[in-house]
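A.B. asks: Line order of the protein sequences matches chains A and B. Under the working numbering, the first residue of the first sequence carries the number 1, and numbering increases by one thereafter. Under the working numbering, the first residue of the second sequence carries the number 1, and numbering increases by one thereafter.
Note that these hints are calculated values from the structure, not bench results. Do not rely on the hints blindly, as some may be mistaken.
[Stated by the list, open to error] Heads up, simulated PhoX-like pairs for lysine-lysine below, C-alpha to C-alpha not over 25 Å straight-line:
1) 386/B x 349/B
2) 371/B x 385/B
3) 167/A x 435/B
4) 178/B x 85/A
5) 139/B x 349/B
6) 251/A x 266/B
7) 323/B x 192/B
8) 179/B x 306/B
9) 401/B x 273/A
10) 179/B x 391/B
11) 203/B x 192/B
12) 179/B x 192/B
13) 179/B x 385/B
14) 386/B x 306/B
15) 371/B x 57/B
16) 391/B x 380/B
17) 385/B x 167/A
18) 339/B x 371/B
19) 273/A x 435/B
20) 42/A x 273/A
21) 251/A x 264/B
22) 192/B x 391/B
23) 266/B x 167/A
24) 264/B x 250/B
25) 192/B x 386/B
26) 178/B x 386/B
27) 251/A x 401/B
[Stated by the list, open to error] Under 10 Å between C-beta atoms, here's a sample of chain B residues computed to sit facing chain A:
28) 145
29) 281
30) 419
31) 427
32) 428
33) 429
34) 431
35) 432
36) 435
37) 439
Every residue, glycine too, gets a C-beta built ideally from N, C-alpha and C.
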Amino acid sequence: MAQAQISHQPKTFLSRIRKSTQEAFWGYVFILPAMLIIIAFKLVPLVVGLGISFTDWNLLSSPEFIGLQNYARLFTDPVSPIVFKNTFYYSLISVPLNLLISLGLAIALNQKIKGLAFFRTAYYIPVVTASVAVSAVWVWLLSDFGIINQLLNAIGVASVNFLQDPKYALTSITLVDVWKNLGFNVVIFLAALQDVPDELRDAARVDGANERRIFRHVTLPLITPSIFFTAVMGVIGSLQAFDLVFNMSLKHEGGPARATSTIGFYIWQNAFKYSKMGYAAALSFALMAILLVLTIIQWKMRSKWVYGEK
Amino acid sequence: MKKSNLFVLLSALLALGMLLAACAPAVKTEAPAATTEAPAAATTEAPTAAAEPVTIKVVSFLTYDENKEGAEAAVVKAFEAAHPEIKVDFQLLPYADYFTSLKTWVAGGTAPDVASLDLSMLQEMAASGSLVDLNPMIKSTGYDLSAYYQSTLDMFQNNGGQYGLPASYSNVVMYYNKKLFDAAGLPYPDDKMDWTTFVDTAKKLTKDTNGDGTIEQFGTAKLWWPYYMLFVGATPFNADATQCTLTDQKAIDGFQAMVDLVLKDKVAPSAKDLAAQDDWHMFEGGRIAMYPIGPWSISEFNDVIKDFDWDATTLPYGPTGEKVTFLFGNAYAMLSSSKQQEAAFTFMKFVTGAEGDQIRQDAGFEIAPIKSVAEGSFLKSMEGKKPANAKVFLDSAEFAKSVPTHARWSEIADIISGQLDSALLGTITVPDAMKAACDAINPILAETKK
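Using the sequences plus the hints, can you model the full thing?
C.D. replies: The following block contains the structure:
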């Protein structure tokens, strides 16, 4: 339509309409394949899932409508406070830690040092490695005979039972998550850092700012959009944590004694182990609601600190 | 603009409609499922001669992932040769996601006619009415059940109905590493061993061989937790499953004995030890002296263990003087949505009968529930293999008990094992753990009753 207006050729009202609908038609044709996939595999399951959350359904007998009972169960189930607490802990540790370390790494990798390409690739490798493989390696590293405990013993510290002690198990898995997903943020930050114009930094330098002040007042504000993006994605990703818990807890039980069970893991257990599809769906929607609220809060807050968002 | 919005809406609705249409039959098929029962098989005794061969769909996880040279496919092939009037659409699936897939097919209305099931799968499906009670068909066709071990039939009953025919069973015995016993100068364990002797022997065989403060060689290994309940005669809930009974002194004593093995006497590897190497590989590596395990270990242990000689005996008497072992089993069951019940039953009789069992047994998979096959072939197939005392598997069948069942057993079991995890870490006492477990289990029992 915008195109039609700036066109110099005088056109009749009718031909203009025809042109724009034709363009729109082809536009929709081009997005149709993607739309169909989204509708078939995202929207429809979402709607069906919402329906299931109001039923008692074990897959074997036909679903029975029970209203809001599954949502009420969220408040009476003795396990749900544990999994919510574990999940928030997971998120609270992994998101800030990931942001801090990856920002530091990105700044380091933005310097002119030897073997830069190697390091940039190296940090990205864990991101693209299957989490089953990552888990298997870390279960070994953290075991009683693993290299981490060997090193601790060498400096005179007693072995720590990283994965089987409820005090450390969740933290250990969370830190592995940070290690695994670091590379993703590093790449984003690196791109953002390289977008910061040298002129601005030079100008600041001419004005007498030292490196620290340049970073604080020039570089950092300019990469806040990237920090915002990675923070939002990090919160969403960490609250949905599942694969590392599944793979690293002994016998895939989210233990010891529920210490490492996250919401995502508990949803899986209810759906595919306990055959409680309705409750699993209700848990999923509760999680979705939490994510939605947190994302909206982050979105509203962005004008306070994100550059260019006023 | 308006027009194109409409277009999008229409195409979206169209796509949605197509999807819903694809899903619709799934819901429909639930109805006949409930009504089709025995009559189909009972009334149609007529000769099925020159007619078109009927096709039945069968899914199976037997004989598990190792699937000894395709034993189960061979069983099906033998059936098709013997019954040209029935074609089998046979699908072999890995055990890992088997039950999820099966439940999804039931929900989607594409369930097979016959499926292999383990004990807890079968009980869950029977409780929700997804399986056919075979008793009317057994009666009307005069099928003789006395060829099976009675205990293997009992496992697959629910409320007096027979919901499956056993295809294989196994139980747990105790293997022992002769080299470690010889080195310690101890006599080999036998079937008279009581609990105190067992624990004492295990203590003598538990060693920190290189003196670094961590134990390298364990006297024994902890069994799956339900054993410690069964071996004192305790149950997780009362007979009509209305009340959790784990806080009874019997159950507490049983689980205390388990916790003591790991925490007090330290004769069995803890979760921490097992994180580095599981007990199966520890035994293979000569790090466990007395290892309780079932016949599924026979083929691998015969292949892998070269460094030491080993044999087997029954599990010891429990602390209260009872002798118990696990009874595990797999059955073939018929789904109530099946429209080919007669053909399905013919199939089940063959694959769980003497001929099918024979093929499975010859492949070395577990133990045949058909007495003649087990007694004739199992021992013969074990000649020249270890354990030399293979008869122990048949002897143990005498006092084997199966794990308790409940429509929501996997949930109940997770609650109990979660609490026992804490008890095994020493962060909670056994009585407190059982109290917490009962607090969580009682609501489940109450819900299931209604």
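A.B. asks: Determine for every hint whether it applies to the structure shown.
C.D. replies: Structure-based check of all given hints:
Between residue 386/B and residue 349/B, the direct Cα distance comes to roughly 32 Å. Violation of the 25 Å bound is thereby established for this hinted pair. At roughly 21 Å between alpha-carbon atoms, residue 371/B and residue 385/B fall within 25 Å of each other, so this suggested pair holds. As the CA atoms of residue 167/A and residue 435/B are separated by approximately 22 Å, the hinted pair is consistent with the 25 Å bound. Under the criterion of a C-alpha separation no larger than 25 Å, the hint pairing residue 178/B with residue 85/A is inconsistent with the structure, at around 50 Å.
Simply put, residue 139/B and residue 349/B have alpha-carbon atoms about 13 Å apart, close enough for the 25 Å limit, and the pair holds. Annotation: proposed proximity of residue 251/A to residue 266/B holds, straight-line Cα distance about 21 Å (limit 25 Å). A distance of roughly 10 Å separates the Cα atoms of residue 323/B and residue 192/B; the hinted pair therefore holds under the 25 Å criterion. Straight-line distance between C-alpha atoms of residue 179/B and residue 306/B comes to about 12 Å, which keeps the hinted pair within the 25 Å bound.
About 24 Å separates the Cα atoms of residue 401/B and residue 273/A, which keeps this hinted pair within 25 Å; it holds. Our distance criterion of 25 Å between C-alpha atoms is met by residue 179/B and residue 391/B, whose separation comes to about 22 Å. Of the supplied pair hints, the one linking residue 203/B and residue 192/B holds, its CA atoms being roughly 18 Å apart against a limit of 25 Å. Using a Cα cut-off of 25 Å, the hinted pair residue 179/B and residue 192/B holds, with the two alpha carbons roughly 21 Å apart.
For the suggested pair residue 179/B and residue 385/B, the alpha carbons sit about 18 Å apart, so the restraint of at most 25 Å is met. Among the hinted pairs, residue 386/B with residue 306/B is consistent with the structure: their alpha-carbon atoms are about 11 Å apart, no more than 25 Å. Distance check on the hinted pair: residue 371/B and residue 57/B sit about 28 Å apart at the alpha-carbon level, beyond 25 Å; violated. With a C-alpha separation of about 10 Å, the suggested pairing of residue 391/B with residue 380/B holds against the 25 Å cut-off.
Straight-line distance between C-alpha atoms of residue 385/B and residue 167/A comes to about 46 Å, which puts the hinted pair past the 25 Å bound. For the proposed pair residue 339/B and residue 371/B, the alpha carbon gap of about 32 Å is over 25 Å, so the pair is violated. Pair hint residue 273/A plus residue 435/B holds up; C-alpha atoms about 24 Å apart against a cutoff of 25 Å. A distance of roughly 23 Å separates the Cα atoms of residue 42/A and residue 273/A; the hinted pair therefore holds under the 25 Å criterion.
Between the alpha carbons of residue 251/A and residue 264/B the distance comes to roughly 24 Å, so the proposed pair stays at or under 25 Å and holds. Under the criterion of a C-alpha separation no larger than 25 Å, the hint pairing residue 192/B with residue 391/B is consistent with the structure, at around 16 Å. For the suggested pair residue 266/B and residue 167/A, the alpha carbons sit about 22 Å apart, so the restraint of at most 25 Å is met. Between residue 264/B and residue 250/B the CA atoms are separated by roughly 19 Å; this keeps the pair inside 25 Å, and the hint holds.
For a cut-off of 25 Å, the pair hint linking residue 192/B to residue 386/B stands: about 21 Å separates their Cα positions. Of the supplied pair hints, the one linking residue 178/B and residue 386/B holds, its CA atoms being roughly 12 Å apart against a limit of 25 Å. For the given pair, residue 251/A sits about 24 Å from residue 401/B by alpha-carbon distance, which is consistent with the 25 Å threshold. This hint is violated: residue 145/B has a C-beta 26 Å from the nearest C-beta of chain A, more than the 10 Å allowed.
Interface restraint check: residue 281/B against chain A, minimum CB-CB distance 13 Å, threshold 10 Å, status violated. Satisfaction of the interface hint for residue 419/B is found here, the shortest Cβ-Cβ separation to chain A being roughly 7 Å, below the 10 Å cut-off. Of the supplied interface hints, the one on residue 427/B holds, with its beta-carbon coming within about 7 Å of a beta-carbon of chain A, less than 10 Å. Taking 10 Å as the C-beta cut-off, the interface hint given for residue 428/B holds, the closest approach to chain A being about 8 Å.
At its closest, the beta carbon of residue 429/B sits 14 Å from a beta carbon of chain A; the interface hint therefore is violated under the 10 Å criterion. Below 10 Å, beta-carbon pairs count as interface contacts, and residue 431/B has none with chain A, the closest being about 16 Å; its hint is therefore violated. Interface hint status for residue 432/B: violated, as the beta-carbon distance to the closest one in chain A is roughly 12 Å, over 10 Å. Look at residue 435/B: its Cβ only gets to about 13 Å from chain A, farther than 10 Å, so that hint breaks.
Taking 10 Å as the C-beta cut-off, the interface hint given for residue 439/B holds, the closest approach to chain A being about 7 Å.
Violation of the numbered hints given earlier is confined to hints 1, 4, 15, 17, 18, 28, 29, 33, 34, 35, 36; the remaining hints are satisfied by the structure.
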